Amino acid sequence: MLKVLTRFIIFILLSSSCIGLFAQDEGYSWWNNKHNWDGVTNWMYYLKYAPKYFGPNALPVPEIRNAQIEDRISLETRADLHFSKGDNTQNLFFKLKYPFWEGRLALEIYAVPVEFYKMDTLTRDERVSRDKDGEGYAVGDLYFGTLIQIVKGHKSWPDLLLGITMRTASGGNLGGARYTDAPGYYFDLSAGKTFFSDKKVSLRPYAMLGFYVWQTNRDDWRQNDAFLYGLGLSLFNQKFECNAKYGGYKGYIGNGDAPMVFRANVIYKLPKTHFKFAFQQGLQDFDYSTISLGAVFYFK
1 MLKVLTRFII FILLSSSCIG LFAQDEGYSW WNNKHNWDGV TNWMYYLKYA
51 PKYFGPNALP VPEIRNAQIE DRISLETRAD LHFSKGDNTQ NLFFKLKYPF
101 WEGRLALEIY AVPVEFYKMD TLTRDERVSR DKDGEGYAVG DLYFGTLIQI
151 VKGHKSWPDL LLGITMRTAS GGNLGGARYT DAPGYYFDLS AGKTFFSDKK
201 VSLRPYAMLG FYVWQTNRDD WRQNDAFLYG LGLSLFNQKF ECNAKYGGYK
251 GYIGNGDAPM VFRANVIYKL PKTHFKFAFQ QGLQDFDYST ISLGAVFYFK
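Numbering of the sequence shown is given in this note's numbering, commencing with residue 1 and proceeding in unit increments.
Just so you know, the hints here were simulated from the structure itself, not pulled from any lab data. Worth double-checking, as some hints may not be accurate.
Below 35 angstroms or equal to it, Euclidean Cα-Cα: the simulated DSBU-like pairs (lysine-lysine) are [unchecked claim]:
no., residue 1, residue 2
1, K193, K95
2, K48, K95
3, K34, K250
4, K48, K199
5, K239, K155
6, K48, K155
7, K269, K152
8, K269, K97
9, K52, K193
10, K118, K250
11, K300, K155
12, K95, K239
13, K152, K48
14, K155, K200
15, K95, K52
16, K250, K193
17, K132, K200
18, K97, K52
19, K132, K118
20, K155, K34
21, K155, K132
22, K52, K276
23, K300, K239
As the structure is a computational prediction, the values presented were derived from the model and not from experiment.
Let the sequences and hints guide you as you build the complete structure.
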């Protein structure tokens with residue numbers, strides 16, 4: 001009796017597995033044929049966990065910091081429009097920054113709450129996406145960061161700022177190659193100094209170095225470690241601010257993991273609100289041109 005029961009249980013388990021495999025093959029037969037699925041390997045191992053092969057918000061180049069913490073609570077909201085030859089994406093963005101100790105320390109949280117996208121079939125297949133029609137929406141990752149002002153307002157030394165940021169695995173639509181569904185983090189140290197602060201227009205150059213780490217789906221490389229870098233220049237007065245920035249990171253796997261971007265923005269300042277228009281151009285491993293429009297609200 002025990003042998004019969006054991007055989008029956010084994011039969012049910014094998015049947016369930018076969019039905020699941022058949023259903024997977026039936027629902028994604030186009031993907032199986034396109035990418036020569038072997039019938040065994042999980043589909044996610046076919047993806048390339050690199051910025052070149054995911055959506056624009058999956059593994060973006062981090063903010064290029066100017067080595068300063070503002071001493072007011074701020075809430076930034078904006079809309080981003082990403083354009084590329086094979087993927088157009090629109091998303092919202094929110095960032096809350098809370099400073100302490102007269103701007104010596106700050107906590108920040110930011111996220112893309114939702115994005116909408118449309119890919120052509122060439123881009124879909126290049127990314128090994130399982131999204132057949134190539135369009136839809138996805139919920140983005142949530143980031144938590146700590147900023148530490150090491151040097152501030154020294155007569156001779158530049159301002160120094162240390163940033164520590166963690167990315168959660170909250171992003172969705174891994175099958176559509178929109179987010180990696182895996183954690184990551186980055187550390188950065190920025191230096192900057194303001195010149196001509198007593199003139200009508202002030203100048204602030206700054207630079208940033210650090211490293212960026214994210215989990216992959218590979219057995220030989222469980223994570224990718226990247227060198228993070230950035231340069232920037234700001235011109236500003238009481239009413240306006242213009243920024244130009246260049247930066248990126250370079251991973252060691254070499255699978256499209258070395259994005260470079262150029263960023264520029266113009267900010268119009270009111271006492272409690274700053275309005276921002278920004279442009280970003282991908283230069284390598286990031287095939288997007290991005291236009292952003294947003295506002296930063298300040299609270300005491």
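So, going through the hints one by one against the coordinates:
{"no.": "1", "hint": "K193 to K95", "in the structure": "holds, 25 angstroms"}
{"no.": "2", "hint": "K48 to K95", "in the structure": "holds, 28 angstroms"}
{"no.": "3", "hint": "K34 to K250", "in the structure": "holds, 30 angstroms"}
{"no.": "4", "hint": "K48 to K199", "in the structure": "violated, 50 angstroms"}
{"no.": "5", "hint": "K239 to K155", "in the structure": "holds, 26 angstroms"}
{"no.": "6", "hint": "K48 to K155", "in the structure": "violated, 48 angstroms"}
{"no.": "7", "hint": "K269 to K152", "in the structure": "holds, 23 angstroms"}
{"no.": "8", "hint": "K269 to K97", "in the structure": "holds, 18 angstroms"}
{"no.": "9", "hint": "K52 to K193", "in the structure": "holds, 34 angstroms"}
{"no.": "10", "hint": "K118 to K250", "in the structure": "holds, 27 angstroms"}
{"no.": "11", "hint": "K300 to K155", "in the structure": "holds, 28 angstroms"}
{"no.": "12", "hint": "K95 to K239", "in the structure": "holds, 22 angstroms"}
{"no.": "13", "hint": "K152 to K48", "in the structure": "violated, 41 angstroms"}
{"no.": "14", "hint": "K155 to K200", "in the structure": "holds, 20 angstroms"}
{"no.": "15", "hint": "K95 to K52", "in the structure": "holds, 25 angstroms"}
{"no.": "16", "hint": "K250 to K193", "in the structure": "holds, 26 angstroms"}
{"no.": "17", "hint": "K132 to K200", "in the structure": "violated, 56 angstroms"}
{"no.": "18", "hint": "K97 to K52", "in the structure": "holds, 29 angstroms"}
{"no.": "19", "hint": "K132 to K118", "in the structure": "holds, 11 angstroms"}
{"no.": "20", "hint": "K155 to K34", "in the structure": "violated, 63 angstroms"}
{"no.": "21", "hint": "K155 to K132", "in the structure": "violated, 59 angstroms"}
{"no.": "22", "hint": "K52 to K276", "in the structure": "holds, 27 angstroms"}
{"no.": "23", "hint": "K300 to K239", "in the structure": "holds, 20 angstroms"}
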